Amino acid sequence: MTAESIRPPRTVIGPIAWLRENLFSGPISSIITIVLGALLVWVAIQVGQWALTEARWNVVSNNLRLFLIGQYPADQAWRLWAAMAVLSVLAGASAGVHGLASRMLAVTLSAIQLLLAVLMLFSPIGITAVAAYAFNAAIVWVAMVAGFRGLVPRRPLGWAWIVSLPLTFYLVSGFAGTPLESISSNVWGGLLLTVLLAVVGIVLSFPLGVILALGRRSELPVLRILSTGYIELIRGVPLVTILFMADIILPLFLPGEWRLDRIARAMGGITLFSAAYVAENVRGGLQAIPSGQIEAAHALGLGGVQTNRYIVLPQALRAVIPANVGLFISLLKDTTLVTIIGLLELLGISRAVLAQSDSFGASLEVYVFIAAVFFVLSYAMSQASYRLERALGVGTR
Amino acid sequence: MTSTPRARSQTTVPLWRDVRFLEIAAQVVVVVVIGLVVWFMVSNMISAMNQRNLGFGFSFLGRQAGFEISESPIAYSSRDTYGTAFLVGLLNTLFVSFLGIILATLLGLIVGVARLSPNWLVARIAAGYVEIIRNTPLLVQLVLIYFAVLLQLPSVSDSITIGEGFFLNQRGVYVPGPQVSGGFGIFIASIVIGIIGLIVANVVAGRREDAGKPSYRMRTIATAALFVLPVLGWFAAGGQPLTFDLPVKERFNFAGGLRLSPEFSALLFGLVLYTAAFIGEVVRGGIQAVRRGQLEAARALGFTEGQTLRLVIFPQALRIIVPPLTSQYLNLAKNSSLAIAVGYPDLFKVGQTMANQTGQPVPVLIMIMGTYLAISLFTSLLMNIYNRRVQVLER
Numbered sequence: 001m002t003a004e005s006i007r008p009p010r011t012v013i014g015p016i017a018w019l020r021e022n023l024f025s026g027p028i029s030s031i032i033t034i035v036l037g038a039l040l041v042w043v044a045i046q047v048g049q050w051a052l053t054e055a056r057w058n059v060v061s062n063n064l065r066l067f068l069i070g071q072y073p074a075d076q077a078w079r080l081w082a083a084m085a086v087l088s089v090l091a092g093a094s095a096g097v098h099g100l101a102s103r104m105l106a107v108t109l110s111a112i113q114l115l116l117a118v119l120m121l122f123s124p125i126g127i128t129a130v131a132a133y134a135f136n137a138a139i140v141w142v143a144m145v146a147g148f149r150g151l152v153p154r155r156p157l158g159w160a161w162i163v164s165l166p167l168t169f170y171l172v173s174g175f176a177g178t179p180l181e182s183i184s185s186n187v188w189g190g191l192l193l194t195v196l197l198a199v200v201g202i203v204l205s206f207p208l209g210v211i212l213a214l215g216r217r218s219e220l221p222v223l224r225i226l227s228t229g230y231i232e233l234i235r236g237v238p239l240v241t242i243l244f245m246a247d248i249i250l251p252l253f254l255p256g257e258w259r260l261d262r263i264a265r266a267m268g269g270i271t272l273f274s275a276a277y278v279a280e281n282v283r284g285g286l287q288a289i290p291s292g293q294i295e296a297a298h299a300l301g302l303g304g305v306q307t308n309r310y311i312v313l314p315q316a317l318r319a320v321i322p323a324n325v326g327l328f329i330s331l332l333k334d335t336t337l338v339t340i341i342g343l344l345e346l347l348g349i350s351r352a353v354l355a356q357s358d359s360f361g362a363s364l365e366v367y368v369f370i371a372a373v374f375f376v377l378s379y380a381m382s383q384a385s386y387r388l389e390r391a392l393g394v395g396t397r
Numbered sequence: 001m002t003s004t005p006r007a008r009s010q011t012t013v014p015l016w017r018d019v020r021f022l023e024i025a026a027q028v029v030v031v032v033v034i035g036l037v038v039w040f041m042v043s044n045m046i047s048a049m050n051q052r053n054l055g056f057g058f059s060f061l062g063r064q065a066g067f068e069i070s071e072s073p074i075a076y077s078s079r080d081t082y083g084t085a086f087l088v089g090l091l092n093t094l095f096v097s098f099l100g101i102i103l104a105t106l107l108g109l110i111v112g113v114a115r116l117s118p119n120w121l122v123a124r125i126a127a128g129y130v131e132i133i134r135n136t137p138l139l140v141q142l143v144l145i146y147f148a149v150l151l152q153l154p155s156v157s158d159s160i161t162i163g164e165g166f167f168l169n170q171r172g173v174y175v176p177g178p179q180v181s182g183g184f185g186i187f188i189a190s191i192v193i194g195i196i197g198l199i200v201a202n203v204v205a206g207r208r209e210d211a212g213k214p215s216y217r218m219r220t221i222a223t224a225a226l227f228v229l230p231v232l233g234w235f236a237a238g239g240q241p242l243t244f245d246l247p248v249k250e251r252f253n254f255a256g257g258l259r260l261s262p263e264f265s266a267l268l269f270g271l272v273l274y275t276a277a278f279i280g281e282v283v284r285g286g287i288q289a290v291r292r293g294q295l296e297a298a299r300a301l302g303f304t305e306g307q308t309l310r311l312v313i314f315p316q317a318l319r320i321i322v323p324p325l326t327s328q329y330l331n332l333a334k335n336s337s338l339a340i341a342v343g344y345p346d347l348f349k350v351g352q353t354m355a356n357q358t359g360q361p362v363p364v365l366i367m368i369m370g371t372y373l374a375i376s377l378f379t380s381l382l383m384n385i386y387n388r389r390v391q392v393l394e395r
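Quick note, the sequences are listed as chains G and Y, same order. Here the first sequence is numbered in my numbering, starting from 1 and rising by one per residue. Here the second sequence is numbered in my numbering, starting from 1 and rising by one per residue.
FYI, nobody ran anything at the bench for these hints, they're computed from the structure. Since we're looking at a predicted model, the values are computed, not measured. Incorrect hints may appear among the rest.
[Unchecked claim] Cβ-to-Cβ under 7 angstroms is the rule here; a few derived chain G residues that face chain Y:
1. 31
2. 33
3. 237
4. 240
5. 333
6. 379
Ideal Cβ positions, reconstructed from N, Cα and C, are used throughout, including at glycine.
Build the full structure now, drawing on both the sequences and the hints.
Now the structure itself:
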């Protein structure tokens, strides 16, 4: 081969090579790229034009308080800020002490509160709320630094988390006859209710799901049959039927004088529904534990409960964390279904907003805003789950 | 000697430390507790129903329903019974789920393959679509499509026209309607015969090949017949067994064609867009799970791109895809109950109306849940059969 016949190599690095490789690798690919690119630009221009000139975003900003807290009394809103502050400090401190999962929680909490503060700047809610959320977003980092420096003792931190649950609940709902007056759950609404439903659902359905999963793998036939039947029954029906049951049928099943409020019933319905799905996830994790682990535990003289507590569950639960985060994202999205039984969470409150005369015809703006809120929340959770999956090395060990 | 200590230990273990006794006792306690709770609830319900002078039972099913249903595949009027009304709801649910599953599978397949496209733009658009859809609630998408898009469309006189015979306006989506003539049965029969013939030829040829006998190109002949038979059937049926009736715009309305109500369109569109994003991820995962060596081996053997995909990648990816695909189908069927948010009269919406009117929520809910359970079980049964077939194909 002579030197003349060898042509210079085509560029293999740099932007030109990247374009040739990824967008114009052949005639068909080039045509697709050009057509899709043109379409994309056209769509972007249309959407941009609508969003920047036509859309009446003031419908969203004027009603931001409704979207965030529903009918919750405005002069009591400081209790929500305080509750968020408690959670921010704890999340920040945990992030500093433990890292990893809690660090993602803390960063997300800080980012979301910062976002809320920025949103509120454009609304008539007032500068105090903006300052409160900006402050909360900041103390996450202060607490995290304190945790890093070793200023936060580990053990009390765990207790603080446990105490924080009733404390935040007390802050939000109050109790008659105490310094914080009672605020009926009838007025809870908007994002506040969405988050409450999701958090309560996640916190309660997890232990219930673990119990159901253990029951399904139990050697005792009665427990196995009951757990399996429950799981399959719940997974075979839509969530709306469960919510319908919680809303209409449950009061029939209880004596007339027992009055459970509607939000508690909805929380119960979501928890019972979600537990069946958690159980199936956990069962997957349980099945992945090699039987040698259990035999070794027995050989060491551990009993049944001890084997589960110290050997099986810690391994199984770690393996199913990413799958459960995925489940909790669906749970967050599924909370919208309570609007069907008439609760005013984020989607339900939109109906009240759209019924006002000056927001007539702004349904696209309102629904796009709600979709965006859910997108931010679930995207944050899915990214966290993705990082967590890699950090835990699930499937690679 | 070896059996004596065991026998002694059996007698000396006190009852409260005997594992077998504890196991039985625990189960008895669980059964008793659950039985008591159920008895408590049912007796409360019966006394509540008695207070309202409503007996508990399914006798209301034979009574006249007295409410209209906006769309129904079978003849229905408010004079029909509650039983018929329930059936209409069930048929509507089945109809939208069936159509939704087919369309979502097609779109999902495209999305899944597009996400793996070597063209960066195609892959990014598909990924963006999946992320946006998967991270927003289906119910928000449904109300957005229904209230903010379909109900905001122009009135009939200013309909949006998309090509020949497709119109969009406030009253719904107008598409060409299939018109069936008398010979349609013959045409369908010719297709069915062709399919049965192909299956039989496949089985017989496979048996003969396993036994080492020639298969006489049975598969090729049957495949050819599958295409020839419908053509013959078409002519045997008198030329035009199936025509499409285009909607024609008149002064105040449209004549002919098929009108899809805004409620149905919103539900179908929403379900398809939502489920397709999930199916796309399932398909992508399945394709990526096929080992790279398989692809390289196919190339080394001189397969074309299309052959590689069709003969090597897909058959193996299918084994991984089918189980999660089944759960996506089940999700779609269950999610169709969100029809109530856009006012499409599906099983759940009709059921809720029935519960309100009869004051019998418990029997109605039992019927609704039982029906959804039956749909779920039937779908997973079908998919399990298909799954087994796909698994057998593995060599």
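Each hint tested on the structure:
1. 31: Cβ of residue 31(G) sits 10 angstroms from chain Y, so the hint is violated.
2. 33: holds (5 angstroms)
3. 237: holds (5 angstroms)
4. 240: holds (5 angstroms)
5. 333: holds (4 angstroms)
6. 379: holds (5 angstroms)
Comparing the model with each numbered hint stated earlier shows that hint 1 is the single one that does not hold.
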